[in-house]
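Counting with the UniProt record's numbering, you get residues 1 to 53 for the letters of the sequence shown.
Just so you know, the hints here were simulated from the structure itself, not pulled from any lab data.
Cβ atoms here follow ideal geometry from the backbone N, Cα and C, with glycine treated the same way.
Treat the hints with care, as some may be off.
To be verified - Pair ranges (Cβ atoms, derived):
{"id": "1", "residue 1": "11", "residue 2": "34", "range": "26 to 34 Å"}
{"id": "2", "residue 1": "3", "residue 2": "29", "range": "41 to 49 Å"}
{"id": "3", "residue 1": "3", "residue 2": "24", "range": "35 to 43 Å"}
{"id": "4", "residue 1": "28", "residue 2": "7", "range": "25 to 33 Å"}
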Amino acid sequence: MHKTQFTRGRGQMEAIPFRYAAELPDEEYPLILTTGRILEQFHTGTMTRKTKG
1 MHKTQFTRGR GQMEAIPFRY AAELPDEEYP LILTTGRILE QFHTGTMTRK
51 TKG
């Protein structure tokens with residue numbers, strides 16, 4: 001990946017404000033279950049198959 005530096009020089013990062021989830025656990029539903037994936041973490045090609053191998 002990036003061995004010595006980012007392709008465009010320094011990496012660009014930006015802080016974002018914290019937000020609580022739209023629904024929080026309560027007595028009726030005490031657990032938060034997820035698939036373990038978020039949009040940015042899909043495997044290469046899962047969404048578009050345009051990435052060269």
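Consistency of the hints with the structure:
1. In this structure the supplied range 26 to 34 Å holds for residue 11 paired with residue 34, their Cβ-Cβ distance being about 27 Å.
2. Distance hint for residue 3 and residue 29: a CB-CB separation of about 46 Å, consistent with the stated range 41 to 49 Å.
3. Taking 35 to 43 Å as the suggested C-beta distance range, the pair residue 3 and residue 24 conforms, at roughly 42 Å.
4. Between residue 28 and residue 7 the CB atoms are about 49 Å apart, so this pair departs from the stated range of 25 to 33 Å.
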